[in-house]
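Visitor: Single-letter residue listing:
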Amino acid sequence: MKQRSLFDIISPVMTGPSSSHTAGAVRLGLMVRNIYGEVPKKITFKLYNSFASTGKGHGSEKGLMAGILGCSVDSDKIKNIFQTQEAKNIEYNFEYEQNLDRHPNAVDFSLSGCFNMQISGNSIGAGNIEITKIDDFTTKISGEFNTLLLFYKDKPGMISKVSTYIQNENINIASLECDRNAKGETASMCICLDGEIPLSIIKNIENLDDVYFVRNIRKLEG
Amino acid sequence: MEYAFNTFEKLINLTEKRNKQIYELMQEKEALDFEISVNDVRNKTKKIITAMKEAVTRGLKSREKSFSGLSGDDCAKLIERYKNSKSVFGKLFEKILCYSVATMEENLRMNTIAACPTAGSCGIVPAIIIALSEEFNLTEEEEINALITAGAIGYIISSKIAMAGAVAGCQAECGVAAAMASGAAVQIMKGNIEQTINAAALTLKNVLGLTCDPVAGLVEIPCIKRNAFMAVEAIVAAELSLAGVNSVIPPDEIVDALVQTGQLMSPLLKETSNGGLAATKTGLRITSELRKKEEL
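These protein sequences, in sequence, are chains A and B.
Okay, so the first sequence: first residue is 86 according to our numbering, each after it adds one.
Okay, so the second sequence: first residue is 10 according to our numbering, each after it adds one.
If you're looking for bench data, these hints aren't it; they were derived computationally from the structure.
One thing to keep in mind: the hints can contain errors.
[Unchecked claim] Below, simulated DSS-like cross-link-like pairs (lysine-lysine); rule was C-alpha separation at most 27 Å, straight line:
no.	chain 1	residue 1	chain 2	residue 2
1	B	K38	A	K304
2	B	K290	A	K126
3	B	K29	B	K70
4	A	K164	B	K38
5	A	K164	B	K169
6	A	K164	B	K86
7	B	K55	A	K304
8	B	K169	A	K225
9	A	K162	B	K302
10	B	K62	A	K162
11	B	K302	A	K173
12	B	K62	A	K164
13	B	K302	A	K131
14	A	K304	B	K290
15	B	K74	A	K162
16	A	K162	B	K199
17	B	K290	A	K164
18	A	K162	B	K169
19	A	K164	B	K29
20	B	K214	B	K74
21	B	K302	B	K234
22	B	K301	A	K164
23	B	K70	A	K162
24	A	K131	A	K246
25	A	K173	B	K301
26	B	K56	A	K162
27	B	K74	A	K173
28	B	K29	A	K304
29	A	K164	A	K238
30	A	K238	B	K301
31	A	K164	B	K53
32	A	K131	B	K301
All values reported here derive from a predicted model rather than from experimental measurement.
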């Protein structure tokens, strides 16, 4: 349950015109950038439903790209983001689909560069977002917490090992979500934490056998 | 120490019990909930006020159209009118209209604004606080007190309903913004705590059923002009309240009525742009013209 804040009401200071369709788009882009870990060489954005039909007028596409390039929701670069050199350095395109099985403001990101990755997320209102899928794994990342994400070979004892590292640093776990392709195949772990994640934890987890991918996804500010 | 509140009744009780103003309780609660200092809360609020003022300043000078080409020069028209003639209610009234429209036009130009509580209702609270601040020479601290008071009103309403047109129509956006602004106006005019909350109550009663039916799904028609209307409504509520005209229905019950009204409203009228103004002949024509323009 999100702790409500005075600043949910009198802010954010943001680039207009819509908290869900502009600020939410920027924050989705920022989150995808954090998960991918770098600026991708190539990206396809697929916008669904309301994002697809009213996104242009709301600057949703600009917002998504600005987030990928690391702009905050109040950046004055958002408006002309496609004219910037950083945007021109990326090979990008936009697709649109009406699909009532998806959230009204859903976006799929197909990223490539050093590696390929598919990320899906929704802009759920008032600038809040959720990352719902990374590759084939269901996730629950809101950007509200620092989040540790790992992919590993499904086997007994992994949750215990990882949580021990976290416990040793005296960090509280706010939520934990696991998913897997099938028994013994690739699995995902998504741990939301109160407080900062020290580099040592990431290093320790990276060094565990059968861990393929680790990301420290910092919470979104503002 | 008791500090939490999520109803107007509880807030009023706490102000009496602890002999504090609304803004004092709100800033204290925020500081305790998020483990920051009251000073941090006030500094963050000050930055928001600065952003609001910058948006007004830029907006007053601009005639830039929105991407849709539908709007962007309404504020310029108001300024032009007041160059040569007086408004019905005088200088302060002119400022309230201009500042609310200036802020909304900055929003649709994709420039920086403060969502308060939402981007589509971003013109109302700043118009009241900034215009009244200029008129009555408020200090920076008084401006901060006013915005935190407005925030407290929105905070309480948001404990029962999400601030989104998709949830409860424009009641929950411009309606709430006007309630917040009316409370801020009473605070600025040195009304008491009951009058502050009562002004919010009077405002909310007058926005029940307000639809969210923007043409082509854009935050332009009727949102820009509505911000000007609602800013004035906030002043009507503040004046009534300062004169001792009370809402017969208590504020928390009005919020319940707003929630119920939101639930009863057809989805066609809640930010889907499938009903109301959006579905008028002209609304549909504009929508189809824009779709063609976007495909180019």
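Visitor: Taking 27 Å as the top limit, are the C-alpha atoms of K131/A and K246/A close enough?
Guide: With Cα atoms ~37 Å apart, K131/A and K246/A exceed 27 Å; violated.
Visitor: Holds or violated: K55/B with K304/A, Cα cutoff 27 Å?
Guide: holds (24 Å)
Visitor: Please work out if K290/B and K126/A have their alpha carbons no farther apart than 27 Å.
Guide: Judged against 27 Å, a Cα distance of about 45 Å means the pair is violated.
Visitor: Hinted pair, alpha-carbon criterion (27 Å max): K56/B, K162/A. Please report holds or violated.
Guide: holds (20 Å)
Visitor: Is the straight-line distance between the alpha-carbon of K162/A and that of K302/B 27 Å or less?
Guide: holds (24 Å)
Visitor: Is the hinted pair K169/B and K225/A satisfied, with a Cα-Cα distance of at most 27 Å?
Guide: Roughly 25 Å separates the two Cα atoms, so the pair holds.
Visitor: Quickly compare the C-alpha distance for K162/A and K199/B to 27 Å and report which way the hint goes.
Guide: violated (41 Å)
Visitor: With the threshold set at 27 Å, check whether the alpha-carbon distance from K29/B to K70/B stays at or below it.
Guide: The hint is violated at about 40 Å.
Visitor: K238/A and K301/B were given as a pair; does the straight-line alpha-carbon distance stay at or below 27 Å?
Guide: violated (49 Å)
Visitor: Would the pair K164/A and K238/A pass a check requiring their Cα atoms to be no farther apart than 27 Å?
Guide: violated (43 Å)
Visitor: Verify the proposed pairing of K70/B with K162/A, using a straight-line Cα cut of 27 Å.
Guide: holds (20 Å)
Visitor: Sort out whether K131/A lies within 27 Å of K302/B, counting only the CA atoms.
Guide: The hint holds at about 20 Å.
Consistency with the previously given hints fails for numbers 2, 3, 4, 5, 14, 16, 17, 18, 19, 20, 24, 28, 29 and 30, ordered from lowest to highest.
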